[in-house]
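Protein chains: 4
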Amino acid sequence: MYFGWDVAELDLPRRRFARLADSVPLGVAVVGYGYWGPNLARNVAESPDMELKALCERDAVCGASFSQRFPGVPVRTELDDVLNDDSIDAVLIATPPATHHALVKRALEAGKHVLVEKPLATTSADARELIELAARQDLVLMPGHTFVYSPAVNAVRSLLTDGVLGEVYFITSARMNLGKYQRDGVVTDLAPHDLSILMYWLDEPVVQVTTTACTVFQEGVPETAFMTLTFASGTTANIQVSWLAPRKVRQMVVVGSKRMVQYDDTASDEPIRVYDRGMDLEWDAPANFGEYQLTYRSGDVIIPRIDAHEPLALELGDFARSIRTGSTPRSNAALGLEIVSVLEASEASMRRNGAPIVIGPARDKVAA
Amino acid sequence: MYFGWDVAELDLPRRRFARLADSVPLGVAVVGYGYWGPNLARNVAESPDMELKALCERDAVCGASFSQRFPGVPVRTELDDVLNDDSIDAVLIATPPATHHALVKRALEAGKHVLVEKPLATTSADARELIELAARQDLVLMPGHTFVYSPAVNAVRSLLTDGVLGEVYFITSARMNLGKYQRDGVVTDLAPHDLSILMYWLDEPVVQVTTTACTVFQEGVPETAFMTLTFASGTTANIQVSWLAPRKVRQMVVVGSKRMVQYDDTASDEPIRVYDRGMDLEWDAPANFGEYQLTYRSGDVIIPRIDAHEPLALELGDFARSIRTGSTPRSNAALGLEIVSVLEASEASMRRNGAPIVIGPARDKVAA
Amino acid sequence: MYFGWDVAELDLPRRRFARLADSVPLGVAVVGYGYWGPNLARNVAESPDMELKALCERDAVCGASFSQRFPGVPVRTELDDVLNDDSIDAVLIATPPATHHALVKRALEAGKHVLVEKPLATTSADARELIELAARQDLVLMPGHTFVYSPAVNAVRSLLTDGVLGEVYFITSARMNLGKYQRDGVVTDLAPHDLSILMYWLDEPVVQVTTTACTVFQEGVPETAFMTLTFASGTTANIQVSWLAPRKVRQMVVVGSKRMVQYDDTASDEPIRVYDRGMDLEWDAPANFGEYQLTYRSGDVIIPRIDAHEPLALELGDFARSIRTGSTPRSNAALGLEIVSVLEASEASMRRNGAPIVIGPARDKVAA
Amino acid sequence: MYFGWDVAELDLPRRRFARLADSVPLGVAVVGYGYWGPNLARNVAESPDMELKALCERDAVCGASFSQRFPGVPVRTELDDVLNDDSIDAVLIATPPATHHALVKRALEAGKHVLVEKPLATTSADARELIELAARQDLVLMPGHTFVYSPAVNAVRSLLTDGVLGEVYFITSARMNLGKYQRDGVVTDLAPHDLSILMYWLDEPVVQVTTTACTVFQEGVPETAFMTLTFASGTTANIQVSWLAPRKVRQMVVVGSKRMVQYDDTASDEPIRVYDRGMDLEWDAPANFGEYQLTYRSGDVIIPRIDAHEPLALELGDFARSIRTGSTPRSNAALGLEIVSVLEASEASMRRNGAPIVIGPARDKVAA
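Protein chains in written order, with numbering that gives the first Met the number 0: chain A, 0 to 367; chain B, 0 to 367; chain C, 0 to 367; chain D, 0 to 367.
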């Protein structure tokens, strides 16, 4: 599990106790019923560990849609009605990124555990403030980096931690589709998925970011970007994100010294293919230019069977476990803060025409 | 057809006349029978327009292999024996890059037309010298950028020039495999393919290059690199090249305003897939943040039938036509020089840790 | 829409009137909450046109699972409690095939409209009895041949009816997976899907069936079968069904005089591929054996975009429409009876070691 | 290796000795330079074990095409010129099926070893005559069932003989394309490939054949057929062959008790996929219908690396080895005769509208 650099620098109290007996379902409210809220509500309703207590939503059409599927569950238009309800232990916030900081802050101040959609906040300063507040309040604050619960992502992580892939040489990622325009740009919209997966896989921080943006429609809001990340150990990753591609692409490739794995999230049956490498290294006599000679031979392909569990159900289970036992969730706030920091560095690189931005020093200032 | 900036700055004489009657086959010698030479020899033998006159090769095993397949065609160990043979009109050079400049120069000085494998030379200065020499000698000098003869590459070019794709938003390319280690590094080895295809498609020069290299085995010889190119019109391309991937990847994606095309050179049956875009742009009222709203809808996919002609046979045909008629071959020396220039800029970027390198100014100095 | 031969021979009263105003949702009960029942219940709950009034289920575990997802909806263990409930207009029966006849009969006698999972009944005599009873009671009786509502199946049907495929030469179908053993054998379990799709596509009855069974485990219960059907117009179809294949296969190919279409139900993104044929027929001089010369040339492939509607939701909509307006549903009882008749002929062929069975005459006896 | 029933019944002399020293290349002539002849000639030319001595071909255009590629090798228009040439040890016959019997007979009588394209002859009586003649002359007679030399076909055979697949439950095969019309019909044209592969895999004879033909264009010459074969052990196979499908299909599936293998000859990179089965058999208490309960679970997929050797080169090597050492070639005349016998039975089934034809008894007559 990944714990970022940034949080280690904060002096946070540890969580003291679990709040609830296992036998009592958690009371949960969903805030926002737009694109992602319906998935949250459905998973809460199907969880034996949670009880759907309310929706908070001001849009009447969205509210009516909720009522058709969950007759009997109240729809509130005021957040305070939810925050003042003692039967509600936790809120799941699925509103636009710009609203995250304010809503999360109110919920934590009201004593509610919070699961908030990614990104945790729009600035690393805001993210740190929320983390410190949650720690003081002894509440769980969890960003919804759902991909770290994906069975396929976890299968790749096992290949890495079990040494099946060997030393990681490099990683590529392509995440494209016809995207809904959002005013924060494609990097903020899509790259958090790549970043959460990469940090979860590699267990180490990003130390340099280079991002070249490509903007067709509106100045300052790139729809396509190419990012090159350098991790602390020297491993590099290349990320391509775009809203402009009519074919949905969700493909990551990890090339290791022993094997290569290709993860294609759109190939529902066979998301993972492991390619055996047959490359043998031979060191030739110095007379012969001192070159390494790599013979090429490639081997078998294995497509492991991947369970079909819904990542969001696993994420909610982790959230509940964290509330009950004080455990740190896999998608934890430290990871969320780290991702926000990389996004900030990426913005800086885009402003400087793709110049490399080193990440380490920027953190020190905050810790001081 | 692409003609680079660099050559336009040189003051070259135009070719004056075709040398040979159509009815006489061109006498051709192949120089080097390693990886690529056998393909050249076989295509010459099968061409009704050429006659295979000799092989020049010092390695006895390679020479014997040639003799088994082409009994009766002489194998020479001295280049001069080929260059002094009046029945030979042209030489096809398939030797290591470091030897190109010297061998091409000798052949041109001896009055032979030359087709030389990519890259044309290892430095842009050498390339310019060869171009000027060929012009003075009134001989054809052609680098072997074979991909510009690929039927699939040309099908994509037609989609571009016919307006089927619309305005080009961006291009991605991934070219990976388990590669034979070469002391010039992966960029010099593989990127010329991407560059020749991109320049042929876009008909415009590269103005900025950013390259991040990843080196595992031997300092100074990267096996993996991520390149971001900016073309004169602002179009960007992201290229991933690697020798370390056990699965062969040859995939390029062009995303345009009307359609997207995916070209996968390993999918022999169906190398090209055209994705219809259904994206409609709507400008909302300014009150609503002045954002563009992109609805997402994607359309049909079309897999056009592509002819199965061998690109190398078409390349040799273009070489012969150029010799006979004075036409400029599609894979011309100006394109070859341009590619060498981008490789030089890419080297500079790698040395500066991925900093963006602007290409234009560097050229002026040379031309002066 | 397909109406079978058999029903034409029955003298049935026409449906007289629609029972309900559009504004009142239909009261619906689900009978059986095993494999398919949860899908029925979920779709009823999500339909604005229906109201889920009750579940009838004797298994306590299944009942508890229902209650978790649909709190407030009663679970009955006695069918009569459902049939005597006046707020219930229709029942959806998802119980084992052997129980269909008795349960459907009781429901129709109680005045309820019925949607019953395939097959309509286990014998054609039973199916005819139910059809006549529904007609006398002026009630809708609909078997759940869900595939005729699949958007991909309907896209193929449009290609056929619009003449895009041309004259149909032949059809193949493969439907395999690791199946749950059922005592009726694989033909009864899987072939109804193929039969419903083929009859819906071709709009004509089957006149001959040849079925070779392959039985590994238990005498009389084949797990694999190969069927060859001849339709009235002479079109043939080959069907492969098996419970023993570890890879799920759902593939049908229709070869027509103009184009071929491949429908792969496991390829969720791209279920349909249309292959353009370039075959030209030439009649040579009689001296030359009077043979047709077929040149081979194949053309483009088109992958049309298919909507993602859930077939079961469309099926329930058709059921509701039929109840309200008296329209004949696409998956109608006549189609259901026809399928049962072909299954009977297929059984006869298997008993005779794969001998061809002609279907027409067998029907006459019943009609007399 | 498969040796058919039929040949066991013939009383044939054994081959007595090898004719040639290993150091002397075999002198070989190719007869016929139409569709397949160029492949034979090229492979002979590239084999260090053979020397291409002549082509026999009456068509001037075909002859000229040969001369361009093999300057110096004579083209004969009279077969006798080849048969009387003492430097020629063996002939490779690639002419239409109807000519096989006469040409093979003349070659054997002239003392030449013979490799003849499939089928060995058009009737089993003719095939038997040729086999007896070759035995009397002490010459190799080999039909060209090239697929038994395919590395992918042999990989599947290894999976079978090594017990990886377990007991074979059933096999399916689909072999379709836009075919060149031939007056013998699609079964004679395409099914020999399926039959040779199936017999090579299963090592046992066919005992029953059911074939339903589908004829669109010319009475008596089906372009599509569906065959069901029963082998001696009870294993069944379903074969679909057609000339009318615009997409080339070459797919065979072997379902075994442990694993399933899919062999797709058009997927050049990954022709074989092995699917692990996770099916567990449980015998329930008799009260519960005495049914087997098969739970369904499916496992990993493995795509083994397959060597890229050209099957025809391996076939010619086997032919040469057989001539030199007296070994029986993998594609032997007994296999060729067996295939002709199954084709005859298939014709009989088609004439009787798809009735099952038992194969055993027909053979006895000949042996008597």
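No lab work stands behind these hints: they were computed from the structure. Hints may contain errors.
The list treats identical chains as interchangeable, and a pair is accepted whether it falls inside one copy or across any two copies.
Taking lysine-lysine pairs in the DSBU-like style, the calculated list, with each CA pair at most 35 Å apart, reads [to be verified]:
1. Lys247 <-> Lys257
2. Lys257 <-> Lys179
3. Lys257 <-> Lys104
4. Lys179 <-> Lys104
5. Lys247 <-> Lys179
(request) Could you tell me which of the numbered hints above are not met by this structure, giving the numbers in increasing order? (result) 3
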